[in-house]
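Trainee: The chain contents come next:
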Amino acid sequence: MADTAVHADDHVDHGAHHTSTGLSNNKLAMWMFLGSECLLFGGLISTYMLYRGRHSANLGPDQVWDIPFTSASSFVLLMSSLTMVLAVSSANRDDDRNTKLWLSVTALLGALFVAGQVYEFTTFYREGLGFTTSLFSSSFFTLTGFHGVHVSVGIIMLMSLVGMISKNKVVGDKKEVVELFGLYWHFVDVVWILIFTLVYLIPA
Amino acid sequence: MAIIERPSDEVEVVDQSTPSEATPESSYGVFRRPVETTGWKSWLFTIDHKKLGIMYGVVAMFFFVVGGIEAMLIRLQLAGPNGTVLSADKYNQMFTMHATTMVFLFVMPMAAAFANYFVPLQIGARDVAFPRINAFGFWAFLFGGLFLNTSWFLGGGADGGWFMYAPNSSVAFSPSNGVDFWGLGLQITGIASLTGAINLIVTVINMRAPGMSLMKLPIFTWMVMVVQFLLLFAMPVITVALFMLMFQRSFDATFFTVEAGADPLLWQHLFWIFGHPEVYILVLPSFGIVSEILPVFSKKPLFGYPLIVFSGAAIGFVGWGVWAHHMFASGLGPISVAAFSVATMAIAIPTGVKIVNWTLTMWGGKIKFTVPMLYAVGVIIQFTIGGLSGVTHSVAPSDTQQTDTYYIVAHFHYVIFGGAVLGLFAGMYYWWPKMFGKMLNERLGRVNFWLTIIGMNLTFGPMHIIGLQGQPRRMYQWTENRAGEGFFNIGFWNLVASIGTFVLALGVLLFFVNIYVSHRKGTEKAPLDPWDARSLEWITTNPPKEHNFDRVPQVGHLDEFFHRKYEDRGADGHHEFHQVATAEEVLAEEEKNADGHIHLPSPSYWPILLAFSLPIMAYGVIYNLFLLLGGAVLALVSFYGWGLEPHTAPEEDYDPPTGTSMEVASHG
Amino acid sequence: MFTTGSKLLFGASGASLIGTLLYGVLIGGIMGTVGLVSLTTGLIFLAGINAFIRDANVAADDVTRFSGSAAATPRPASSVWPIGVAVGGVLIALGVVIHAALTMIGLVVVLAASAEWLLQGWAEGASSDAAHNREVRGRLAYTAEMPVAAAIGLGLIVFMFSRVMLGAPTKSSTIVAFSIVATIVLFGGAVISRARSLSASKMFGLFSIVSVVLLAGGAVAGLNGEREIKEHHTTAYYAELDKCGEEEISADEHASQTVAGKANSSAEVTLSENGLSYIRPGLKTPKSGMIQLPRSNPNNILFRNETAEPRRFIAELADVEGSPARLCTALIEEGGVQLLTINYTAPSFDPAVEESGGYAFVVAGLDERIEVVVP
Amino acid sequence: MSHLKVHDRTMSTSNDSTPILENMSSRGRKLATAGAGLSAAALLAGCATDAPQDTWKPAGANAQKIQDLQWPVFLTAGVVGVIVMAFIAVTVVKYRDKGQPIPEQAHGKAWLEYLFIAIPAVILAAIAIPTVGVVMALNATDDTECVINVTGQQWWWEYDYEVGADGTICGYAPSAVEASPIITSGQLVIPANTKVLLRGTSRDVIHSYWIPRLNGKRDMVPGRVHFLRLESDTPGIYAGQCTEFCGLSHANMRMETVVLESADFQKWLDNELEPYQAPQEGSLAAEGETTFIAQCSRCHQVNGLLDPNNGNIVVSYPDQFVYSGAAPNLTNLMVRNTFAGATWDLLTPECRADVWESSPEEFGDKYLAGVSQDCLNEIDLREWLRNAPAKKPMYADPATLEQTDGKVRGMPYLGLSEDQIDQLIAYLLERK
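Quick mapping for you: the protein sequence lines, in order, are chains V, H, A and S. Going by the numbering used here, the letters in the first sequence line up with residues 1 to 204, in that order. Going by the numbering used here, the letters in the second sequence line up with residues 1 to 668, in that order. Going by the numbering used here, the letters in the third sequence line up with residues 1 to 375, in that order. Going by the numbering used here, the letters in the fourth sequence line up with residues 1 to 432, in that order.
Think of the hints as simulated: they come from the structure by calculation, not from any bench. Note that the coordinates shown come from a computational prediction; the quantities given were computed from them, not determined experimentally. Certain hints may be false.
[Claimed, not checked] Pulled from the structure, derived: some chain H residues nowhere near chain A, Cβ distances all over 12 angstroms:
(1) Val-59
(2) Gly-491
(3) Glu-584
[Unchecked claim] For lysine-lysine, the following DSS-like pairs were computed, each having C-alpha atoms within a straight-line distance of at most 30 angstroms:
(4) H/Lys-368 - S/Lys-94
(5) H/Lys-216 - H/Lys-592
(6) S/Lys-98 - H/Lys-438
(7) H/Lys-216 - H/Lys-368
(8) S/Lys-109 - H/Lys-368
(9) H/Lys-366 - S/Lys-98
(10) S/Lys-65 - A/Lys-284
(11) H/Lys-216 - V/Lys-27
(12) H/Lys-41 - H/Lys-521
(13) A/Lys-284 - S/Lys-195
Positions of the beta carbon are idealized from the N, C-alpha and C atoms, including for glycine.
Sequences and hints are given; from them, build the entire structure.
Mentor: Rendered as structure tokens:
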């Protein structure tokens, strides 16, 4: 998304074109995108809320949850938000080394979270909760799966952002690019907090 | 092209596009970027909002013809009792694809065409905020549309109606792949709309010409922005629904499996939460166009501009609170039915405001009846009819008698054809000289207009009667013993409607004839300001230069261009306007003080590549998951190629190279 | 003249075109055809772009090079790709003997390596300036390398670590392992960010050690296999075993006591102090004794327990083919609700049904009974 | 409009709705003068002779409620429409360019704008209030007098009459036998002047139950239970059509509601519950019975039918052959006068007309007479038995059913010989 048309030619330094609002195009666009993402997860969450009790004589939520584990992995994801903040701040200090470092750490923690999700899904499956078992399972795996995909995409972007920084290939304003990735990452985090509360903590 | 060193004339621009042999400075490898500004390559890889706008228009018109043919087949089938033109199966596919094509592949992209072409011009910008995303959007739409229609050759189109209610959409009830194609095709076009929405919103919010406050925004741009916000929030909802449909059909999920306790109404809610805003997505752009045209030909500013803006926004908001009026018969509780019924009536108020203000805009004006004006007035009248019949079924109980009958078909065709499509035609006649530098023939235009109006009223008018006589929609046959006799017998009016379709088709045909006639050799170039227009897009050449404006105009008034041409010489409360400058003079003034150094982002082929990966993945979902993987890799690669590509091609990419630019510094 | 890049693509598209035709003619089958067709179109598309972006001619980058003496032309830089190709080849060979998966991996390795090789060779032809040539290579390579490398990296970590966790002996130990690794990552990061002195090479070493550990752990755990995770039996399972009694069964642990979407129930059965009664939508007055339900239609039956002690609701289904003998809910505590979706396939006047005592709703341990009539 | 009273047989006999008609038609006259426009067309549409699904000819309390609510709305809409059109017409004529000077560039008048917000707001409020009232009234179910279960499936309707706790069906106790559930299809029979509550669901996809002259439509959704109130004081047949798109033969999914005076309903009830009478030994019908058991009874239930060979009762298991899991119960086929989802008539056109157009007084007897030998519409019935899927599009080709694990949706081609068809028709003719 890091391309902008030059609006008026008086500024040519990139990422910081003159705009009517003073807000950079990229940042505005990212906010718009996240706004639309909210409704995506809104739809998925409400579907799950509607179907969480629909499992007839099959496994119900409270029979498979492993709250301690999920809390641990949620905490890890939260921490990754912290490291993301550190990455952004190092980027603002033009400290490439630590930017790369914190980006990688963020990516690692994210990967741990995803690994945790894989582990969790596997155990659920072993316990007899397949994707097609019941409405509850279908909507649960879809909701959490969508979130997992969002995290994974984020990780891939983070990792290759590290690559781009070290190869000096970042297009446009490096600070801003890192910040945009940060926005996305935090959003994915917040969504998980919501999912964790609604799906796991509130008893069905 | 990247740099125009002033003074610049077209010749130089053309020069740069004719590639010569590679030179020592020349760039290397397949990653040399396309830089042509003429020839088919310049269209394939362009990121110029004007070229993209035109391509949107052309493709949309193509799908308009496709959808029209489907409509004519439907009407042929229903012309008489027990029609045999189509089998039940084909008929079901026909009306499903007719609706899908018209909504997603004609009206929406046609509006996108105008939005793409004119929003930057109307706000005095040199391009949209994200030109490459803009290009991606177009190609995604095109590939999505083609993908959707390949279903005809791969086992038949979708046959569940454009609303695709579950569980009728599940594999057991719709065994062909049609529904899969439908769902995935809409996903792809949905991505296009979403990116387009983000792009245009940012453009309008961030790239307005100096002095253009939001309340000086041309009304068309305003309506477009409202529409983009609707898209931004409506698309993800249908995306969720379509994903569930895909999981249900391709991966045996249980979302709509009643045996597992599923609630089929879930789909209806998700669909209509998207589907109702969709109605405004279809109709608001053409409201914008009408609101542009009426003032021009009445020589009067839009009456109550702020009110029209706010009513547009209001429609946008309230539009989210009325979705369930599509479900009055589907067994919601009385409480919610009553609530949604009232909400639906409420939305009639801002809509009424528009009609009234349009009329008051003409009132006391100096009305010239050119073809665009004819169409604009046509919209007011036809849409009023549609709006009023809408009021009759905002009344929930009477809706339970009318919904899913032809009365509804009549209603929304008056709204969507009378409201949206006529408006788009108005736009084409109005902006044609701006886009192509030629006027469309006025006399042919009038015939075209009257045939269209007569045709649509012949086609859709009788459907009010047919519906109130109790003929449901989506029946591949109707029979004598339910037709009744006398003046209102269903048989007669069905025949009339079918005849009307062909009159309508003739009208549309004339439009194409008109294009041909107007572009024959020897037809003279359009004047610079044929309509004595009022808004910014006319302060430049016809068609506009690639960089739109030599100087980014300074805006002082709502109708900037008008106020540059006319001046109020009246004294003490008494007004008289005199022309102080011709369009040519205004333009000359602009060109004299042209900006010294304009640069635009260069073409790129990543957008088309990325878009191309989407249908591949979609085929993968239907036929073979390895194909899906392949598509995904292509997508990933093009995504990163895109991400690693500088906004502007390095100077070496231009032969002969065009001097130096600060752009080069930004390669990083 | 065409460059290696274009030639490569031309070759590929030509090959896949032929492949498509052959497949279409000889084998047919919509899947493959569509697959190959789109592959071919994709390649032709790329080749077309490549060719039409006229100057795919890298050699033209640096004319001096051709005029210059042989000495001017740089030595080809050292390259790992030949090794890669070799390894791949070996893997393919091994795969043929050991396991098909190896062959696939080998194939991928060979393809990747030779592509890189090709690319490098091609790039080195660009000019006499090695740095410039790397730049040339990068332009083409990074677009693919970066995302793919990232994806593979992610895949490895996720796979390996999830193996480790699945291998861990108990749930709690999994949580511990998980938390420990997370903490290490976090603090490792903190330490490194402080230790400015740490040289790039040291950091590289560190990371490689970590990844080796992870890989090793994953491999070990993977070979070790997962810990035994018991299937959690459902009331449906116990119903099959005819275990719908009063006593608590494992399926009753954390059994849900609430139900969403009561709107679409076809009957709401309530157990209160004064017996078993039901309400059908539309009529408010509770009934008992007999209920009539439609045949071969999923009926959502809600059971609500308003008595003090937990109760199990049982739907007695006659022993006719295609349906279990009975369905039962979990033990429902006071005020709890659970839903059963029942589909009666045979009418109650079917002799088979009558013999096996007919359809009924009962509660384990009580002689309350509602006859179910299926017309 | 005045001719409405003359032509409209059913309405003029219903005394309580007559006054409504009078003020309607008088208002209608005003309207007619009010000129063209949507609502005129709409109101006039109300007067077409005998369009069986005319939404503007209520024949029962519920439909009447809707009618009384909707015609003033149409009227208002029409009047508003006419005014707006007139206004526009005046504007474009009055202010077309006659060389007048460029008008003042006024951006609007606040008071005018607010006025034009206020007017529609008031009108709509006036419409909204009664609307809410009627919505609530139509959804009230407390005073229900009779509950009938309606189940839709591709592409026909099944009705089953519940036996109440008091052992009656809709308050009617069978005179001969003890009450037991009744299952019919296609034609719903209800007693006149009774508040009937349809409790509807579906076996496969969403269908919609709609008898325009008795009430608005209501979707019948699988897995959900929805209600629809029907009530009529005028004996007769009221036509309807499935209005939620339900797949291939959506157009061929019809229903009719038959309203009978209470005495006639009692007769109908007794007839429905009559024990099964085996056809006479050696008659064509007797052969038909055997053919029926061999060919049809896998899916079609005939209550009380005994297998002459072993004396067992014959039970059908449609769920093993039909995807939706049901097929019409044929116990008293010839009492109802339609078949195949009420799409074709069992009566010849003349006989049909005789029944449909008979006066309410004699309607009951004519309907209960059922289908006689010489009134039987053999053409359609034979075509149907010969090759059902050819007559009504259905998914019944065994070759293309892997998605539904071999189960058909609709009646398959049975390859019956002409003799077998004769026998079956003879047998079915006795099912009344």
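Trainee: Run every hint past the structure and note whether it holds.
Mentor: So, going through the hints one by one against the coordinates:
1. Val-59: holds, 18 angstroms
2. Gly-491: Non-interface label stands for H/Gly-491: nearest chain A Cβ at 38 angstroms, farther than 12 angstroms.
3. Glu-584: holds, 40 angstroms
4. H/Lys-368 - S/Lys-94: It holds: about 12 angstroms lies between the C-alpha atoms, which stays within 30 angstroms.
5. H/Lys-216 - H/Lys-592: Holds, at about 25 angstroms.
6. S/Lys-98 - H/Lys-438: holds, 27 angstroms
7. H/Lys-216 - H/Lys-368: It holds: about 25 angstroms lies between the C-alpha atoms, which stays within 30 angstroms.
8. S/Lys-109 - H/Lys-368: holds, 23 angstroms
9. H/Lys-366 - S/Lys-98: holds, 8 angstroms
10. S/Lys-65 - A/Lys-284: Distance of about 24 angstroms is within 30 angstroms: holds.
11. H/Lys-216 - V/Lys-27: holds, 25 angstroms
12. H/Lys-41 - H/Lys-521: Within the cut-off at roughly 25 angstroms; holds.
13. A/Lys-284 - S/Lys-195: Roughly 16 angstroms between the alpha carbons, so the hint for A/Lys-284 and S/Lys-195 holds.
Of the numbered hints stated above, none is contradicted by the structure.
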